[in-house]
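Undergrad: Letter by letter, the chains look like this.
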Amino acid sequence: MAVIVQNTEIAGGIYRMWLAHAPQGNAGQFIMLRIPGALDPFLGRPISLFDSAGDELTLLYQVKGRGTAAFAGLPAGAPAEVQGPYGNGFPLVPGDAVVIGGGIGAAPLHLLVKQLRAAEPNRRVEVHLGFRGEAYAIEAFRAYADSVRVDIGGVVTDGVDFAQTAAYYACGPSPMLRAAAKAAGETGARLYVSLEKHMACGVGACLGCTCQTANGRKRVCRDGPVFDFREVADER
Amino acid sequence: MNDKPLETELLGVTLKNPVIAASGTFGFGREYAELFDVSRLGGICGKGLTLDGGAGNRGVRVTETPAGMLNSIGLENPGVARFVAEEAPFMRSLGCAVIANLGGHSVSDYIEGARLLNDADIDILELNISCPNVRAGSMAFGLSPGSAADVTRRVKEVARHPLMVKLTPNAPDPVEVALACEQAGADALSLVNTFLGMAIDVDKKRPVFDNVYAGLSGPAVMPLALRIVHQAAKRVKIPVVGMGGISCARDALCFLMAGARAVQVGSMNFANPRAMLDIIDGLARYCEENHLENIREIRGIV
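Quick note, the sequences are listed as chains A and B, same order. Note that the working numbering numbers the first sequence so that position 178 is 178, with each residue one more than the last. Positions in the second sequence are counted from 1; adding 1000 to them yields the working numbering.
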């Protein structure tokens, strides 16, 4: 059983949870996090991996409903049920990378940037993060990225050059993903997006999170959450 | 002492124990087979099938409620023919009883689906006249004794496998529907499917689900389900498989004591994939502690 080492609010409604005795995972994967034995809140919540090192996991999550509100109240030392990690994760495409995050969508991109850097120390990794209000986790990105541009209250994709020879990765609200997809469509850029859906099981059994793709219906939890943006054009 | 205290006979099939994965919560077993030894289960009910398959509902499909959840999946499934060819053989390989769940939009859909399922290597056919999430058919057949009996009779005429009819708690009188299905030839009954509920997105001032209403399940509904199972089991002579919000061995014991021969576990699989194993272990412990030769000794004692 994983144990909470630290669980602190780092910005308004944004928490960082540090877990020990947890499984290891890759960028873009998620865990189902649950309060052990609880029937209310009932289901686990899919939370992406902000960092993974050995048997320690760091999560960033936003308090949005009863489940995440309950997480926010968990003290250090409390046990946490961690199922997974699940999902396909981001492909680590060789060469330069451009990483675009919106709000809490930045969470899985941190582990991505770290793993991109570890896989190819000399590649260029450019990060663009957009926030509606307060920015967070910026320093953690600076540790691995060549550049980190922060946009507050604007349209983060407006500041991204989609004509570079690089792989593009995006996670954030739907309007941001639509804007990134439109731009990538115009330049022919390679873009991977991480989708978010309500999930019950996280493993592909309940079909609560399926989406329409160019290759038939797919489960965001199991066949995703990362997709080539061209494959999920109908969903964005 | 009996060395198989949980062994349960259901419609000529010997279940290792009376714990069955409920339809719609376990796929066709593929995903959970990667996570635990599913051969330990009594059986698996596959995802609800429709004759030609379908993509299911649009929009939000699941949302959590106090101690439960609402779903509006809408029977996304590969269709009966693909189930027979690809999924049933896989389910058979898992080492527990195989139950196919068949929904339908019309009586002729049900009949044709049942005919095709005659070619499948399954143990029991569960007739789903209780899914609340499809616009045409399914639950509509289960709301009144007359229509439930009609589709049961017509399917029973063509089906070669034992027929278990899955009932809705949303009928004005579920016990009358149970009696009508028994009369019409059902070999067993399973109940209850989800309770019709609703969620509203207050910020957007509109229903959460495109289909407006959705099926409520999970621990919150357990006492409601237990009441209906108790009433139905007292009235019918055919086996009753009880379900609704079971989350632990004690919940399962409640349904068995209320008269169920076996139980199905649904939403709890989502919260804790190993829940059914815990329930099976808990039932075995109960038999040992209470010196039961077999779990059937407590069946219907309440």
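Please keep in mind that the hints were generated in silico from the structure rather than gathered at the bench. Some hints could be false.
What the hints assert, rightly or not - Under 10 angstroms between C-beta atoms, here's a sample of chain A residues computed to sit facing chain B:
hint: 1; residue: Val-63
hint: 2; residue: Gly-65
hint: 3; residue: Glu-81
hint: 4; residue: Gln-83
hint: 5; residue: Arg-117
hint: 6; residue: Arg-123
hint: 7; residue: Arg-124
hint: 8; residue: Arg-132
hint: 9; residue: Leu-195
hint: 10; residue: Ala-200
hint: 11; residue: Cys-209
hint: 12; residue: Gly-216
hint: 13; residue: Arg-217
Idealized CB from N, CA, C, for every residue including glycine.
Undergrad: Each of the hints needs a verdict: does it hold here or not?
TA: Structure-based check of all given hints:
1. Val-63: violated (15 angstroms)
2. Gly-65: holds (8 angstroms)
3. Glu-81: holds (8 angstroms)
4. Gln-83: Interface hint status for Gln-83 (chain A): holds (7 angstroms vs cutoff 10 angstroms).
5. Arg-117: Check failed: Cβ of Arg-117 (chain A) comes no nearer than 31 angstroms to chain B, outside 10 angstroms.
6. Arg-123: For Arg-123 (chain A), the interface hint is violated, since the closest Cβ of chain B sits about 34 angstroms away, which is over 10 angstroms.
7. Arg-124: Violated. Min distance 38 angstroms.
8. Arg-132: violated (15 angstroms)
9. Leu-195: Not OK, violated: Leu-195 (chain A) not within 10 angstroms of chain B, min 14 angstroms.
10. Ala-200: holds (4 angstroms)
11. Cys-209: holds (7 angstroms)
12. Gly-216: Interface hint status for Gly-216 (chain A): holds (9 angstroms vs cutoff 10 angstroms).
13. Arg-217: Holds - the Cβ of Arg-217 (chain A) comes within 10 angstroms of chain B, reaching about 6 angstroms at its closest.
Hints 1, 5, 6, 7, 8 and 9, counting from the list given before, are not met by this structure.
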